[in-house]
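**Student:** Now for the letters of each chain:
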Amino acid sequence: MKLFYINNDGAGFADHVEVEDGITVAAFFTEKLAGRKADDFLIRVNRLPTPADQVLQPGDRISITPSKIEGASA
Amino acid sequence: MLPIPILLRLARRLEKLWEPKPEPLTRPERAWASLRTQLIEAESLRWRIEQATARRLDCAAASLKQELSTLLKVMGRRIDELRAHCDVPPTRAPDCCEWIRELRHLESEFGTVTVRWTDTVIRIVTEPIELKNVPLGPFAIEFDWTGGPSAIGSRAFEVKALKPNHPAGRSDVTHPHVEDDILCAGEAKDALDQAVADGRLVDAFQLVQSVLTNYNPHSAYVSLNEWDGSHCAQCGRRIRSDDASSCEGCDCELCDECGERCEGCEELRCGDCLESCDVCRERHCRGSLSTTGGRAVCSDCREVCSGCEASLSKDELDSDGRCPTCSSKEETDDPAPETDAAEAIPL
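Taken in order, these protein sequences are the chains called A and B.
Count the first sequence with our numbering and you get residues 1 to 74, in order.
Count the second sequence with our numbering and you get residues 1 to 347, in order.
Where hints are given, some of them may not hold.
[Claimed, not checked] Straight-line C-alpha distance at most 25 Å; calculated DSS-like pairs for lysine-lysine:
no.: 1; chain 1: A; residue 1: LYS68; chain 2: B; residue 2: LYS163
no.: 2; chain 1: B; residue 1: LYS132; chain 2: A; residue 2: LYS37
no.: 3; chain 1: B; residue 1: LYS16; chain 2: A; residue 2: LYS68
no.: 4; chain 1: B; residue 1: LYS329; chain 2: A; residue 2: LYS68
[As the list claims (entries may be wrong)] Cβ-to-Cβ under 8 Å is the rule here; a few derived chain B residues that face chain A:
no.: 5; residue: HIS105
no.: 6; residue: GLY147
no.: 7; residue: HIS177
no.: 8; residue: CYS184
no.: 9; residue: GLY186
no.: 10; residue: ALA191
no.: 11; residue: GLN194
no.: 12; residue: ALA195
no.: 13; residue: ASP198
no.: 14; residue: ASP203
no.: 15; residue: SER210
no.: 16; residue: VAL211
no.: 17; residue: ALA220
To be clear, the hints were calculated from the coordinates, so they are not data collected in a lab.
Bear in mind that the values here come from a model prediction, so they are computed numbers and not experimental data.
The beta-carbon is built from N, C-alpha and C at its ideal position, and this holds for glycine as well.
With the hints as constraints, model all of the structure from the sequences given.
**Tutor:** Spelled out as structure tokens, the structure:
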């Protein structure tokens, strides 16, 4: 199935991605951001906060935004 | 919650700003023009090779073939560029409905959203922020939509401290990563630029908030360790409160390099509270200097006249320790000229 995936980590991008049916939010996160902690990100499905075990549906809009990100000076 | 008429008006305004503009004359057009020129050149070379071959000009034909081969390679690269450009899907800007969803989402994430039409600003306010036990207060994050999708994301935002807790001596800094109300987004910069370009306002605001709620000690306008510090009154250098010392004359803060001790009383003073003794030139505090004959003189350079016991600077006393008055008086009392004595001795 296809999802609309918004990744605000690194350079940031938004695109349609193909994933297996019945994938949960937690599994999707692990697949896309392996080795990262979900606690360090704001995850929204269809613009709403979501539990980790929620099963994603075709056409869902999932956004992942880092909540621990370092600023700089100048 | 934004009233529906304002929400619609704002969504329409943003939709218009973000709608794709006709593509300017950029790389693809230049690549096509260049390809056309190269094709004409290649045809010409091919004709010249045929002519050279027909006339059995083998050397010229070989050179022309080499030239054609190079040109075809360049054309191949140009064609690859054009194919890559064709493969990029066209960007789709958010429509009015998507903007409405975006703005409602912004409200659900941040609470009250304020629109200032005259300033073209969308504003939200964060919760009070505290980093490493330094309270920085709440911040207003303001997005100026004037630049539309082509704005540099981090420059489209202003971050204003509502209860500013400035570090000592830096009224332009309100947060380790905010100077003059501009956020230095650091790691978030690229994602922020992309979010603004795509019209993903919620993501952009969230990224700004994420930077505000985190601290990077390696690249901060002012380190949180020095937030409560001060500046040296002498050289202007920032000093940590633990390292600061103060002038015992005027109480100003001094760094470890600028404090100077009075040669008389040895108290620490700033440069403004020290003066040079007019005799020895050593630096002294005002309390260690006294005025003698209009000159500031330290205690080491002051002596008492052996005649009248007046206190004078030592460079005013003669070799017998007498002041000019006592010295001239003695000369008057003893009129015998030295020249006469000098003449009498050898005889």
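**Student:** Now look at each hint and say whether the structure bears it out.
**Tutor:** Tested hints:
1. A/LYS68 - B/LYS163: holds, 23 Å
2. B/LYS132 - A/LYS37: holds, 22 Å
3. B/LYS16 - A/LYS68: It is violated: about 33 Å lies between the C-alpha atoms, which goes past 25 Å.
4. B/LYS329 - A/LYS68: Between B/LYS329 and A/LYS68 the Cα gap is close to 88 Å, so the pair fails against 25 Å, i.e. violated.
5. HIS105: Because about 4 Å separates B/HIS105 from the closest Cβ in chain A, which is inside the 8 Å limit, the hint holds.
6. GLY147: For B/GLY147, the interface hint is violated, since the closest Cβ of chain A sits about 17 Å away, which is over 8 Å.
7. HIS177: Result: holds, 3 Å to nearest chain A Cβ.
8. CYS184: holds, 5 Å
9. GLY186: Cβ of B/GLY186 sits 3 Å from chain A, so the hint holds.
10. ALA191: At 3 Å from the nearest chain A Cβ, B/ALA191 passes the 8 Å test, so the hint holds.
11. GLN194: holds, 4 Å
12. ALA195: holds, 6 Å
13. ASP198: holds, 6 Å
14. ASP203: For B/ASP203, the interface hint holds, since the closest Cβ of chain A sits about 5 Å away, which is under 8 Å.
15. SER210: holds, 5 Å
16. VAL211: holds, 4 Å
17. ALA220: For B/ALA220, the interface hint holds, since the closest Cβ of chain A sits about 6 Å away, which is under 8 Å.
In summary, the structure is inconsistent with hints 3, 4 and 6 from the numbered list given earlier, while agreeing with the others.
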